[in-house]
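Asker: Below, each chain spelled out in residue letters.
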Amino acid sequence: MSASYNEVQLDALRELANIGAGTASTALSEMLGRSIDLAVPDVSVLPMADAVDQLGPAEQDITGIMLGVEGELPGTVLMLLTPENAEKICVMLGLEADSELAPSALGEIGNVVGTSYLNALAGMTGIAVEPTPPTTVTDMLGAIVESILAVRAASSDRTLLLDSSLIVEGEDCSIVFLLVPDHGGAEELLDRIGLA
Amino acid sequence: MSDLMARMGELCASGTPGDSLVALGLGSCIGLVLLDRRKGVAGLAHIVLPAAEGHNKELNPLKFADKAVPELIRQVTALGGRKPMFEAILVGGASMFAGAGSTLEVGVRNAAAVKEALAKERIRIHAEDTGGTKGRTVRVDPITGIVTVRKAGSKDEQLYPAVPKTSSHSRVLQEVA
Chain B
1 MSASYNEVQL
11 DALRELANIG
21 AGTASTALSE
31 MLGRSIDLAV
41 PDVSVLPMAD
51 AVDQLGPAEQ
61 DITGIMLGVE
71 GELPGTVLML
81 LTPENAEKIC
91 VMLGLEADSE
101 LAPSALGEIG
111 NVVGTSYLNA
121 LAGMTGIAVE
131 PTPPTTVTDM
141 LGAIVESILA
151 VRAASSDRTL
161 LLDSSLIVEG
171 EDCSIVFLLV
181 PDHGGAEELL
191 DRIGLA
Chain E
1 MSDLMARMGE
11 LCASGTPGDS
21 LVALGLGSCI
31 GLVLLDRRKG
41 VAGLAHIVLP
51 AAEGHNKELN
61 PLKFADKAVP
71 ELIRQVTALG
81 GRKPMFEAIL
91 VGGASMFAGA
101 GSTLEVGVRN
111 AAAVKEALAK
121 ERIRIHAEDT
131 GGTKGRTVRV
141 DPITGIVTVR
151 KAGSKDEQLY
161 PAVPKTSSHS
171 RVLQEVA
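Residue numbers (the UniProt record's numbering), protein chains in the order written: chain B, 1 to 196; chain E, 1 to 177.
Simulated from the structure, these hints should not be mistaken for lab results.
Everything numeric in this text was worked out from a predicted model, so none of it was measured.
Note that the Cβ used here is the ideal one computed from N, Cα and C, for glycine as well.
Hints are not guaranteed to be accurate.
Residues from chain B that face chain E, not an exhaustive set, calculated with beta carbons under 8 Å [claimed, not checked]:
(1) V52
(2) L55
(3) E59
(4) A143
(5) I144
(6) A150
Quick look at which bits of chain E chain B covers, simulated, 3 or more residues with Cβ under 8 Å [as the list claims (entries may be wrong)]:
(7) 16-30
(8) 52-59
Produce the complete structure using the sequences and hints provided.
Answerer: Shown next, in the form of structure tokens:
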């Protein structure tokens with residue numbers, strides 16, 4: 001029961017990711033008061049072990065902001081950034097780099113950016129989604145990603161990743177934005193745009 | 001000299017000098033080590049979920065504790081390991097997103113399922129570093145049977161065999177002698 005999609009479907013998902021990330025970058029830009037560049041989004045269906053490798057070295061320290069997604073597109077939104085970039089973002093928000101408020105400030109960034117992405121998807125496809133409150137952790141990349149994938153490993157060996165990069169202009173600071181739909185989530189999206 | 005990687009749902013085994021068995025960045029997953037230290041062979045499984053029952057039969061069975069444990073025993077035995085001599089070490093099973101529901105449970109359930117599968121095979125657990133909220137990397141040297149664990153933001157520490165605490169007391173005695 002491995003998820004498999006044809007090229008047309010993958011293109012459609014890529015386009016949805018592009019529009020979602022575009023809306024998300026506008027929201028981030030407003031919060032930070034900076035211009036945000038958007039890299040072309042990547043949509044891939046991978047064995048879970050490869051998905052971890054694709055995102056970076058498994059032992060690398062990374063800050064992850066996670067939002068659960070409930071409703072008709074169950075899944076997880078995960079934003080990944082290096083701890084150094086997390087500090088830069090906090091400074092842009094006017095906080096001290098090592099402020100105790102940093103995790104909640106990052107959570108709020110995640111909340112606004114993630115919600116705008118999801119709302120854009122919802123607007124285009126007519127699905128109803130409900131994000132859960134954000135959780136921020138700094139830990140090994142592999143440990144964060146595999147814990148999110150593990151929950152859906154019960155229904156598939158493979159996972160769909162919708163992957164976009166938000167780049168803060170002139171700051172050498174980027175955020176990887178991931179939408180990992182649960183099994184069936186992407187089918188629901190494709191169904192709504194008539195490509196299932 | 002090579003690192004043999006056990007990624008999600010994979011396992012590896014070796015008795016070759018210079019090899020290391022490695023599972024990088026374990027979160028809610030369990031790294032299960034089986035050692036026959038006298039023979040100098042070891043195996044490592046990267047277990048993702050507790051039990052295969054009730055799930056699609058086409059899924060990779062080795063990500064489930066109940067299927068991975070017998071297969072790991074088979075592979076270590078094939079390298080000359082003797083089951084009655086096996087020592088088990090468990091690493092991982094963290095709750096990375098404390099309070100965020102389902103991922104919380106998986107780590108705990110994984111550890112319980114691996115223990116149950118080991119009990120069924122009558123294999124004793126000699127060391128364990130599980131639970132908590134931190135990711136872990138585990139490395140095994142099959143020849144010496146030394147197992148080290150690195151938690152996020154810390155250095156490698158030897159988990160097994162237990163390092164005798166070199167207390168300041170014993171050092172003082174040596175100096176006096």
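Asker: Against this structure, judge whether each hint is valid.
Answerer: Results for each hint:
1. V52: holds, 7 Å
2. L55: violated, 11 Å
3. E59: Because about 5 Å separates B:E59 from the closest Cβ in chain E, which is inside the 8 Å limit, the hint holds.
4. A143: Interface hint status for B:A143: holds (2 Å vs cutoff 8 Å).
5. I144: Holds: closest Cβ of chain E sits about 6 Å from B:I144, inside 8 Å.
6. A150: For B:A150, the interface hint holds, since the closest Cβ of chain E sits about 5 Å away, which is under 8 Å.
7. 16-30: holds (count 6)
8. 52-59: holds (count 4)
Of the numbered hints listed earlier, the single one contradicted by the structure is hint 2.
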